[in-house]
Structures are given as structure tokens and as C-alpha cells.
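Chains as they are written, first to last, in full-length UniProt numbering: chain A, 1 to 382; chain B, 1 to 382.
Hints are computed from structural coordinates only; laboratory data are not their basis.
Mixed in with the good hints, there may be bad ones.
As the list makes no split between identical chains, a pair holds if one copy fits it or if it spans any two.
[As the list claims (entries may be wrong)] Straight-line Cα separation of at most 25 Å, DSS-like style, residue types lysine-lysine; simulated pairs:
#, residue 1, residue 2
1, Lys154, Lys289
2, Lys82, Lys248
3, Lys289, Lys239
4, Lys346, Lys289
5, Lys254, Lys269
6, Lys253, Lys313
7, Lys346, Lys82
8, Lys269, Lys289
9, Lys269, Lys82
None of these values were measured; they are calculated from a predicted model.
Protein chains: 2
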Amino acid sequence: MLPSIRCRRTNLIRRPCLSARLSTSSVLLANRAIVYSSFGNPSEVLSAITYPDLPPPPSKSLNVKYILSPINPADLNVIENKYHSKPSPVSSLSEGRHKFPEPHYVGGNEGLAEVTEVGPDVTHYKVGDRVVLTKQQSGTWASARTLHEDDVLKIPVGLSEVNPPTAYNMLHSFVEPKEGDLVMQNGANSAVGQAVIQIAARKGIRTLNFVRNRPDIDSLKNYLQSLGATHVFTYDDLKDKETVQNIKTTITKKGTSLMLNCVSGEPTKDMTRLLADSATLVSYGAMSKQPLILPTSLFIFRDLRCRGFWQSKWYEEHSIQQREELMKTLAELKLREPEYEILNLKGTASDEEVAQQVRSVIAKIQEGRYGRKVLLRFEPAQ
Amino acid sequence: MLPSIRCRRTNLIRRPCLSARLSTSSVLLANRAIVYSSFGNPSEVLSAITYPDLPPPPSKSLNVKYILSPINPADLNVIENKYHSKPSPVSSLSEGRHKFPEPHYVGGNEGLAEVTEVGPDVTHYKVGDRVVLTKQQSGTWASARTLHEDDVLKIPVGLSEVNPPTAYNMLHSFVEPKEGDLVMQNGANSAVGQAVIQIAARKGIRTLNFVRNRPDIDSLKNYLQSLGATHVFTYDDLKDKETVQNIKTTITKKGTSLMLNCVSGEPTKDMTRLLADSATLVSYGAMSKQPLILPTSLFIFRDLRCRGFWQSKWYEEHSIQQREELMKTLAELKLREPEYEILNLKGTASDEEVAQQVRSVIAKIQEGRYGRKVLLRFEPAQ
């Protein structure tokens, strides 16, 4: 055990860092990250690590501290090595002040962060700016990171949610529904789904929403309707001929021209019966873990068009001005955030305690019915 | 049995027609059609009927005699009542000269016909013109019909194949490949597939073709290559990692941007590994009788775009000038017709013999390995 000194002002412990065993310099072991060195079940492979404060950022880079970092379903797939975009391993979280014995990955893809220090040649960002990540898999489950300025996006004060861009762009990049039009979606209670409901409602676009059946279905329906959902049904309703006929007669009539899908599998196939000719089905997720299974006749005789949407690609293809314009538009919409739960990672807890806390929450999320999004909040480690 | 008189000049039998039992007039029982009165297995429900010559066509209509009428897989689905577009029952095949005791459907959707008589107010067609059908399910398995002029399309002399429009339009309506580009397709030995190969080859577009494995696979490969196919593989090859890697390294490289599908199911899914980002998959058939099954990730992360093509819809959406322009373009390409077999329905045979002949060929087609298209040719019935 290395000797440590408690700082009176910050109440943080100053300790010689790992590499300092050789250099004898000392830095603040103020940071913590949730990491893994090999792919596998997140509730088994994740650990927590404490690391020293960051050195000043290099040219065109920023140091940030994370305010909130969500645990998204896709993050678990990344750790299981079952996701399209792969994380890059890092050998250090605090260049020159700490080094992993072997390369590690830092969990997390999304996060709301605050700029704490700007490097040389950075003109677009200043200390105190709030930013989100536009680069894939940059490792947001950490209290502080050094990031390249091209990999972040400044967001207006008041906006702290990173899902609305997906919702907004899906409503504007394919078929652009007008006031009075009907948009259909599944996974309507997801973070994106809730944003879709609200953005559509602001524009007078009606929404036909589908969710999984559950014991408290009425309270979920009420909640989504309070956000502006026009209609809410369950996938089970699609198995009932009378209900489907009723939806066709009173709601969809000639069918809907835009369907947003984050589920795939059977429920999505059932929903396509409610589509209009030449409708567009936009997929942004596959929570059923099933492929998209559609009769070929839908494409041939009903001119169905299937597309996909990935916000990361949108960022890649749009300028910093366009990105900031989108964030401004979303801030002005003042969307209600989805219900979430903050998992506070206490500074007084040990790395093992923190890791255990994260792993057990993830194990519950993996059971599939956690209900609300979990956001990690790192207290300064001691 | 009604008395009949053989005509010396035409060698046809003159018989009082069914309705003539009342009217006592007599007409030529020169025509035959393959019909059914209820949906079901075509090798069971089809029958043949002899009917009188046609009365003069009404305003804006034509009488035609069919030269050749293909038996397409979709025709069998129509008879089974498993197809998107439904036929309309008819109460007579020769208005005023014959009447079915109950409404019947006439088989067949495609056909090459010759105009034999034009009604009042027809200016665009003359006797001797060759026409194909643009209206769905108008019943082409017949020796002669009366058709509205809006439901046919004049085709240039020398063109007698109705599949090339599908091939041509799929190569020109979505991603338009340029010289040197690569187009991938399955069912490459289908009539449309063979037209795709030839049209692409004329423009210097390379084709990557997939077919089912079979004992004489090399002779099929040679045949398709003689049409201009650049590469021919089997669906089995897609199961072999080394072959797939080899195709990627030497043929597709960055992937192909246009894939044409008439198979669906597993082979189609396997082929998508060879697609470029933002590729378009155009479906025009589902010979596997399986749905289109695709990982949702292809849409989200690789921007796959799925569309469908239906030539009948193209006709609906294009003017008579555009339709004829297409036919002219295709005639100029001088495509080699796919191998076919003509099923000659003899005039001397009885209705029951003709029906038996058609049903037994269809039973073989239903076994799925008939190999070549069957075209019906009606001799004048006696």
C-alpha cells in the first residue's frame, strides 16, 4: 500500500499513482471508470478502476468530466462483442500518469459531459460547455476523459438527453409527415419512442404506438398519452382480428406511410398490415433480437421501402453547424425526459464495491424488464 | 349431343353453340380456353372449354388471338388463390354466343397476341399488330379474347418475350449501374435473370449470378456465361467460408450496390454479406416461398435499402408512349429468349384430353425442376 495524503480543500486523497511507483511524482486518484479487458457477459467481466487526474489535453483536445452516462442495451451487446461497432482498447486513462498492465476497454457509448480544460488550438469549446459524444464507443462510463474536439458536440443548456436526435431525424429524413398524418412505431416506451411521441405531437402528427403487454399496461398507456401519444396498443392486440380491423377502420384507414421499428421479429411483421402502399419502414433497433422478417409480396405489390437509421452516421455526414442546429431545435422543443434512475457511484466506495454495484444493476437490466433507463453518476473517487 | 357440320375450307366444325339451342343460330366452335370455376390445386381444378368465335369487338376494344401464353409460377399461385392480384370471373368467353353455367376464371397473366379485329373508335391498333397484356390477370390461356385497348401494349416485330421489361426497369429505376459496375442476382436462370445478364452485358455491367446447385450445374453455368454472365455461383457456395472470402477479395471487393432478388429466404440472407454499404436490394419474386429475412443491423449500420419491383405497376404509372418506347429499346437489344418448350394443344383433341395435357405438365412444374418455361399454343379447336 502506497502512502496517501488527504487534501483539505477537495477532500480527495492524493496518492502516488501506479506509474508513480517509478516516477515518485504524485497525482490525484480522483477518477473512476467501469472497464473490461476481455469480451463476455457484462455482469461478469466488468470491473472498476481508480485512476489519476488527467494531464493537460494535447492540441485540439479537451478534458471533460462526465455528468451522466446511460447504460443502454447496445452497451451490453458491445461488451458481449455482439455489436456492429467495436470499442478500441486503451492502455491508459490518464496518459503518462497511469498505465493498464494490459489494454482495457471502457464501457459506454453515450454521455453528457462538461468541458473542464481545453488544449492548444481549440477555439470552438470553452471550459463549462456541455457536450455529448458523436464518436462511437469512446468509453463514457468514466468520471473524466480526454477527447478530440471533433468527437464531441456542444449542446444547449437545458438539453441533457441524447436520444431525441434519433427521433427527430427519423421523422425528417425519410417520409416527412405533415400535421394530421399518422406515424406508427413499436417500442414506443423506449427513450427514442417517447421522444418520437413528443416531437410528433408538437407538430400535430398523430402517433399509433405499440408496446409489450405487461401487468401495469394502463399506467404505461396513460403515461405515453400524457406525452402526446394519440393511440397506444400492445403487440398482443395485433393477434386479435377484431382489434386489427378496428384499427384499420377508425385509425389507419388507408394505412400509415411511416413506421419506426426498434423491435423487429414477429410484432414488426404483424404491424406491416397497417401500412399504406409505398410506406417506409425505418429500423433503428432490434430489441426482440430477431431479424426483420417480411413477406416479399409487401415489397413487390405494396412497394414497401425498408431503410435504417443510425445517429452516429448522421453525425459523420453532417457539419458541426448542422449538428448544433439540430441540438438547438431540440432544446427549443423542451421534451420531457424519459423516466430514469441514477446509479450513484459513491466516491467513498472501493473499486470492487462500485464494480459489484454496476454488475448487479446490469444483471437486472439483462432480465429485460428494468423499465427505466439507468444513468451512471460518478462521484469523485477517493 | 348437338348435330355438327364440318366446314370444308377451314376444317373446323360448325356446331350450334350452347346458347344457340335457344336462338337456333350457329357459330364456329373454333376457340378453346383453360378455365377453372373454383380456386384450388391447378393440377386438379383446371378444365378446358371450347367456345364459339368472338362477336365483333365493342367500342375501344380489340379481338385478339393468342400466339403463345406462358405458364408462369405466379399463374399457379393465382389458381391456388395465394397471389396478390385476383382474377375476375367471367360469365362468357364470347358474349352473346356462349354462357358459362356458373362464372369461370381463365388462367394466365402473360401472353403474346395478334389483333384480329378492331372495334369502333380504336385508332392506335390495326389488324395484325402484335400485343402483350399490361392488365393483370386478364386470362391469356385462351385462343382468342376481346380486350380493351387500354389493357394491351403494341410490341415491335421481333420481340416476343415479356420478361425483359422487368429486367430492364430494375436495372434503371433504383441504383443505375454504370459500365464496369457489378450487379448481383439470384434466380439467375429465370427468364428475368437471363434478361438481366444480357442487358447488363450489353452495357458493360458485370453480373454476379447465383443459382441452385444441380447435377448439370456446369452446363447451366456455361449457358449463362454464353449469355454474358460474368460470374456464376450456387447458393451452396455461400455456405463455404473460403469461397465467400474469395468472392469478396477478387470479385465484389467493396461490395455490390445493387442486388436483384426473386428467391428470398436463406440464400438471399447469405448474399447480403456481399453488399456494399448503402446498397439497394430489389425484390421481384420469392421462389423459395420464404419471406425476406434480414438482420436489422444491415439496415441500421450498413444503410441497406429494400425495395420491390412489379412490372404491372410500372405500366400503370407510365404513358402508352413510355411503354412503347421501352418495348422499342428492348427490341433493339435483340436479347436471346430463354429456353422454352411449347405445349401444343391440338385442335383435334377433346376438351378433356387438352385439360389432362395441361394438368399433367403443371403437376411436373409444381415439382419445381421443370427447367424451362412452358408456353401454351392453342390450335384452332374443332
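Going through the hints against the structure:
In this assembly of identical chains, the alpha carbons of lysine 154 and lysine 289 never lie at most 25 Å apart, being 33 Å within a copy and 51 Å across copies at closest. For a Cα distance limit of 25 Å, the shortest separation of lysine 82 from lysine 248 across copies, 22 Å, qualifies, whereas the shortest one inside one copy, 38 Å, does not. Proximity of lysine 289 to lysine 239 under the C-alpha cut-off of 25 Å is found in both arrangements, the shortest distances being 20 Å within a copy and 23 Å between copies. For the identical chains of this complex, lysine 346 and lysine 289 are neighbours neither inside a copy (34 Å) nor across copies (57 Å), given an alpha-carbon limit of 25 Å.
For a Cα distance limit of 25 Å, the shortest separation of lysine 254 from lysine 269 inside one copy, 18 Å, qualifies, whereas the shortest one across copies, 31 Å, does not. Proximity of lysine 253 and lysine 313 under a CA criterion of 25 Å is satisfied inter-copy only: 22 Å between copies versus 35 Å inside one chain copy. For a Cα distance limit of 25 Å, the shortest separation of lysine 346 from lysine 82 qualifies neither inside one copy, at 30 Å, nor across copies, at 63 Å. Within a single copy, lysine 269 and lysine 289 get their C-alpha atoms as close as 14 Å, and across copies as close as 16 Å, so both meet the 25 Å cut-off.
When the C-alpha separation of lysine 269 and lysine 82 is checked against a cutoff of 25 Å, the pair qualifies both within a copy, at 24 Å, and between copies, at 18 Å.
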